[in-house]
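> The end of the sequence shown is residue 606 by the numbering used here, with every number in the run present.
For the record, the hints were derived by calculation from the structure and aren't laboratory data.
Don't take each hint at face value.
Straight-line alpha carbon distances no greater than 27 angstroms define the calculated DSSO-like cross-link-like pairs of lysine-lysine that follow [said to hold, decoys possible]: (1) LYS466 x LYS525; (2) LYS466 x LYS589; (3) LYS567 x LYS525; (4) LYS525 x LYS565.
Here are the simulated distance ranges between beta carbons [as the list claims (entries may be wrong)]: (5) ASN526 x SER557: 33 to 39 angstroms; (6) THR533 x VAL600: 17 to 23 angstroms; (7) ARG547 x SER599: 19 to 25 angstroms; (8) THR568 x GLU473: 42 to 48 angstroms; (9) ILE528 x ASN465: 39 to 45 angstroms; (10) SER535 x ASP504: 25 to 31 angstroms; (11) ARG604 x PRO506: 30 to 36 angstroms; (12) GLU491 x VAL600: 19 to 25 angstroms; (13) LEU549 x ASP484: 17 to 23 angstroms; (14) ASP521 x THR474: 20 to 26 angstroms; (15) PRO602 x LEU549: 30 to 36 angstroms; (16) SER557 x GLN517: 15 to 21 angstroms.
Glycine included, each C-beta is placed from N, C-alpha and C at the ideal position.
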Amino acid sequence: MNKLTQVEKETIEKEIKNIIDELIRGCETLDMEMAFGMFSDMPEFLMIGTDGTQCSYDTYLKNNIDYMSTCSSFKLTTFNGEVRILDRDTAVYSWAYGVQAKLKTGEEDIIDRAGASFIFRRLNDKWKVVYYHEASVPPKRIS
464 MNKLTQVEKE TIEKEIKNII DELIRGCETL DMEMAFGMFS DMPEFLMIGT
514 DGTQCSYDTY LKNNIDYMST CSSFKLTTFN GEVRILDRDT AVYSWAYGVQ
564 AKLKTGEEDI IDRAGASFIF RRLNDKWKVV YYHEASVPPK RIS
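Could you build the full structure based on these sequences and the hints that come with them?
Shown next as structure tokens:
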């Protein structure tokens with residue numbers, strides 16, 4: 464494998480961060496296509512949820528769309544986000560964040576701190592998430 468130049472590393476880091484920004488914008492505007500466009504619709508995709516369950520792309524997408532459809536607003540707060548480049552076609556994004564979701568029922572779900580790891584692969588010249596692992600305590604539901 465050829466070693467990446469500093470410019471190549473900075474370019475990859477910027478591309479990954481732009482994709483994460485799009486995820487955040489999509490969630491906060493409740494635009495599911497924008498929010499979840501970064502995930503790879505392929506049989507190898509794997510998501511591990513906060514409860515330890517593993518799911519495919521289709522299940523992950525359905526679960527999120529179902530939940531987000533109950534929200535009237537959704538706010539993400541990033542505490543830290545870091546890109547680690549493994550090679551020119553593979554990168555890991557580590558994210559520490561919080562969530563404040565207002566539900567259409569008037570209730571609110573709050574996650575003070577959560578963490579996520581995304582493994583990105585460059586597929587057909589586009590960065591896509593092929594693996595995603597989320598960790599948090601259950602949300603606090605406020606009536």
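> For a C-alpha distance cap of 27 angstroms, please report whether LYS466 and LYS589 respect it.
20 angstroms, holds
> Taking the beta carbons of SER557 and GLN517, is their distance inside 15 to 21 angstroms?
Since the Cβ atoms of SER557 and GLN517 sit about 20 angstroms apart, the hinted range of 15 to 21 angstroms holds.
> Take the C-beta atom of ASN526 and the C-beta atom of SER557, compute their distance, and say whether it sits inside 33 to 39 angstroms.
Because 22 angstroms falls outside the window, the suggested range is violated.
> Are SER535 and ASP504 spaced within 25 to 31 angstroms by their CB atoms?
28 angstroms, holds
> Determine whether the Cβ-Cβ distance between ILE528 and ASN465 falls within the hinted range of 39 to 45 angstroms.
At 40 angstroms between Cβs, range holds.
> Check the following: the C-beta atoms of GLU491 and VAL600 are separated by a distance inside 19 to 25 angstroms.
Given a distance of about 22 angstroms, which is inside 19 to 25 angstroms, the answer is holds.
> Has the hinted range 17 to 23 angstroms been met by the Cβ atoms of LEU549 and ASP484?
Taking Cβ atoms as reference, LEU549 and ASP484 lie about 21 angstroms apart, which means the hint holds.
> Can you confirm whether the C-alpha distance between LYS567 and LYS525 stays at or below 27 angstroms?
Holds: LYS567 and LYS525 sit about 19 angstroms apart, inside 27 angstroms.
> Under the criterion that the straight-line Cα-Cα distance not exceed 27 angstroms, is the pair LYS525, LYS565 satisfied?
Holds, at roughly 19 angstroms.
> When you take the CB atoms of THR533 and VAL600, is the distance between them in 17 to 23 angstroms?
20 angstroms, holds
> Kindly confirm whether 42 to 48 angstroms is satisfied by the beta carbon distance between THR568 and GLU473.
Holds: the Cβ-Cβ distance is about 45 angstroms, inside 42 to 48 angstroms.
> At the C-beta level, are ASP521 and THR474 separated by a distance inside 20 to 26 angstroms?
Violated, since ASP521 and THR474 (Cβ atoms, about 32 angstroms apart) do not stay within the stated range.
Comparing the model with each numbered hint stated earlier shows that hints 1, 5, 14 do not hold.
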